[in-house]
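Given the structure of chain P, go ahead and fit chains W and X onto it with the hints provided.
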Amino acid sequence: MTVLIDKSGPYAHAPTSVQRTMTLVLAALLPATAFNIWLFGWPALFLFALTLVTALLTEALCLRLLGRPTSPTLWDGSAALTGWLLAMSLPPWAPWWIGVVGSFVAIAFGKHMFGGIGQNVFNPAMVARVALLISFPVQMTIFTRPAPIGQAGSPGLIDSLAITFGGRFDVDALSAASALGHVKTELSRGIPVTDSIAKAPELMDLALGMAPGSFGETSAVLILLGGAFLLVKRIISWHIPAAMLGTVFVLGTVFHAIDPGRYPDGLFHLLSGATFLGAFFIATDYVTSPVAKQGQLVYGVGVGLLTWIIRSYAGYPEGVAFAVLLMNAMTPLIDRGLRPRVFGRTRRGEPLPVKGGK
Amino acid sequence: MLAAVGSLAVLGATLGTLLGIAARYLRVDENPLEAEIEALLPGSQCGQCGYAGCKQAASALVSGEAKPTMCPPGGRETAAAIAAKLGVTVDLSGAEEMEPEIAFINEDICIGCMRCFQECTTDAIVGAPKQMHTVIGEVCHGCGKCVEVCPTEAVEMRPVPVTLASWHWHKPVSRMVH
Amino acid sequence: MKLFRVRGGVHPDYRKELSSEKATVPFPLPQRLYMPLQQHIGAPAEPVVQVGERVLKGQMIARSTGAVSAPVHAPTSGIVVDIGNHTAPHPSGLPQRTIVIEPDGKDEWAPLPAPVADHLSLTPADIAKRVAEAGIVGLGGATFPSAVKLDLRSRCRLDILLVNGAECEPYLTCDDRLMREHADEVMDGVRIMAYALEVQTVLIAIEDNKPQALAAMTKAAATLDGDIRVIGVPVRYPMGSERHLTLALTGRETPARKLTADIGVVVHNVATARAVSQAIRAGRPLISRLVTVSGSAVAEPKNIEVPLGTHVSELIAFCGGLTEEPRRIISGGPMMGQPLPSTAVPVIKGTSGILALTEAETNERPAQPCIRCGTCVSVCPCGLVPVEMAAFIRKENLEGAQASGVLDCVSCGSCSYVCPSHIPLVHYFNYAKGRINALERDKRKRDLVKRLVEARAERMEKIAKAKREALAAKKAAAEAAKAAKAAAEAAAKAAEGEQPAAAASEDKASA
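Residue numbers (our numbering), protein chains in the order written: chain P, 170 to 527; chain W, 4 to 181; chain X, -2 to 508.
One chain only, chain P, in its complex shape (with noise of 0.2 Å):
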């Protein structure tokens, strides 16, 4: 009886796959995404929907333009990741062409044009957000506050999809301005930052979610509780979170100190703004950050020092997205750069000198 040999060991594997990796986070998104839905109504459940579902046929397009199959990389889960991730850092009562736009440049510019899944430079999600940020800075920038399905203020079905596909936003009586942008926008007009946080939402609110911003930005907590659950399931190591978080929040404590009217606290930088989004689930993405531990933590360290500087000097009031794709540029370098010592030689590379022996 002869038997096949068509690959070397070993012949055990462990029970892992793309798909469950990305079906796991998908699970850990998944607290935050219901209560935000909930929390910002109908239209923000239409944008979600219409942004995944564009992420996926946008993928099924460009792997049939490059003929490969659509089994089973379309449902790897890596789309709609990418789609939900996108969703998350929209503005909830966005209209739809913002969700179809973003969701297009994300998977054919950010994933394929760089060679499909794993070749890609920059987070796709991000160049998404930042295309669109930057083309069209008006509707990615309107907030509104929170007006949960069910409670008075909450838009009917009909409203709704007047909102998300009729254009129909009432600017000025619906939009208000997340924690980040008010902070940034009193400061410039002179009001320091101790006063403007008053007027800010509560930490407790945006810790809870109870706050203006687009989805990820809100609910701290929940996310939080994802983040916790990829580091129980080794979805993600701790590296990368706490060196951002730490570094974001050592910053802001400092230069908190040092002139508080200028800048906030570390608290209110950890919890406003999609800090908590990033350092779980969008620098964490594997293909763009490096390999090895100790570039994971310098990588860390870089995102939390970029979200920090374009937070207090640039033009944006959120610095994340813009901090990540810069990161992601370094990635290799710090692959290069940074490896784990091999076994039985020095770092530089040389063999250990011989001791203990002749």
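Treat the hints with caution; some may be incorrect.
Said to hold, decoys possible - A few chain W residues facing chain P, derived, Cβ under 10 Å:
1. W172
2. P175
3. V176
Bear in mind the hints are in silico, worked out from the structure with no lab data behind them. Ideal placement from N, C-alpha and C gives every residue a C-beta, glycine not left out.
Then chains W and X, alone, in the frame of chain P:
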């Protein structure tokens, strides 16, 4: 503006003159690359590449007339080394014709005439007059000269046999486009 | 005892319960025995028997050749029916020179070397010699001739003998059963080896998932004096890798390209220790070994004392046959074992297990593109970056792969085990190592060819020169001879013509 045009013109003229002088007086006459390429070739002057000898083959390689994969006894390693020296890229993945071959003497037909013995460029053939001749595989590098001179066509070229010692795993087949 | 931290490693599903509680059973006499001449690292052995000859159990049928080699002994009495090529238990399926013995059923022993009651009466060199004559090689799977390892005491300054009872591969339980059932024999072998190596400290490492073995060996160690410690090591694959085990127990990291002996530590497997004890105390050569036959496709997994040379098919039949068509038949463990081309191949000295694994157990899937998750980097016990090395190899950039350290890879399989995209990483590395070694061999051959071609050209030139000189000398000699002849002729002629004149002048003078 006149000053700009004038100064650039003067600069250009000066540098051009300097380059011309260097080209005439600092020229390297002989191309040392040819000697280096020749050192990479086996040196058995077997002629399988179509050139008279290894020196002529080296000239052809340097001038670009011949491809780096032109030396069968040299095998893939030589092709890669030549390509590296010349600074060109060479695609070795599809080069099946570069599989090394060694000579094999069919003992039923061999008459012990010693002609291959005298031709062998690496003394890989052992034998004596009227005695059986055989090829030492570890030394034969497949130049093929013995095949030409054998009067009874007892010598043929065969692929190097794989043994337990020389076997290794094949490359995994990848369906991925990249 | 304080253990040092070892990086990486994985926790596969061990499935040792399939055979760990099955006591060892002896194998009944096989139908035929196929003894390859090379069951060890080094030069193959040379047969010293002929076809048709009757051999006795334990008789040497092939002698070792060269410094790194081992002899082969007959596992039972019988007739040698063939010395020729038979399929090797190797993934290539290539043939190998093998001595085939047909047992006569009598199981008659050959005269053996005299048993030694007190090993201290022998010198370490004598012990090494007897171990060599018994054909003992590393039974953990590496099959390095044990006598050569014992002789390392003269080359290196040794202070620790590390006995490897870790058995970190899934499914295998032969070392576990050996330690439980024959702890005294193993400990005796350890004692002899410690004396032969002239070391003071002995450390015996056993993974924590073998509590009974730990207890048995601790009990046996208590009867000996000297610094002998039985240590439980954490259960993690590849804890049994000798470099990593050395690091974990002694804190010494073996430098790249060097042996553990270079840092004072010699590692031997527990089964090797037992074989040494049998060789010295009873004069028995290595003719059988413990093998675990396991896997879900085997009806009754067992631990068996198998005569070397038994066909795998007979082993599987002894275990109740196969319950289904296995996906893979493997010699060794699933992580580093070698797939077998068929079951018509023999059990040899390095066969620690025969596994018949089903599809579900191997969990093989088609490879998908790499998603750069970095899990392979975090599990690699050697600190390499598998994702980078595989990318180089896929593009046939072997220099890049070598610079990334592919030759430092021990092929443990941890990276392939965890890769979510099911990329056959170790297969890439095995391919690269094979190609790099082949290229090294090619380079050495080219250097040799070049030297020979130049030497021959020089010789031809010398011969041609000598010929030319001889020809010139001959020509010159011929010319000289011709000139001399002509001169002689002319002189003779002149003498003839002048003789009457000379005579006349003489007369004139005298007159």
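Practice prompt. Could you tell me which of the hints above the structure violates, numbers in ascending order?
Written response: Every hint satisfied by this model.
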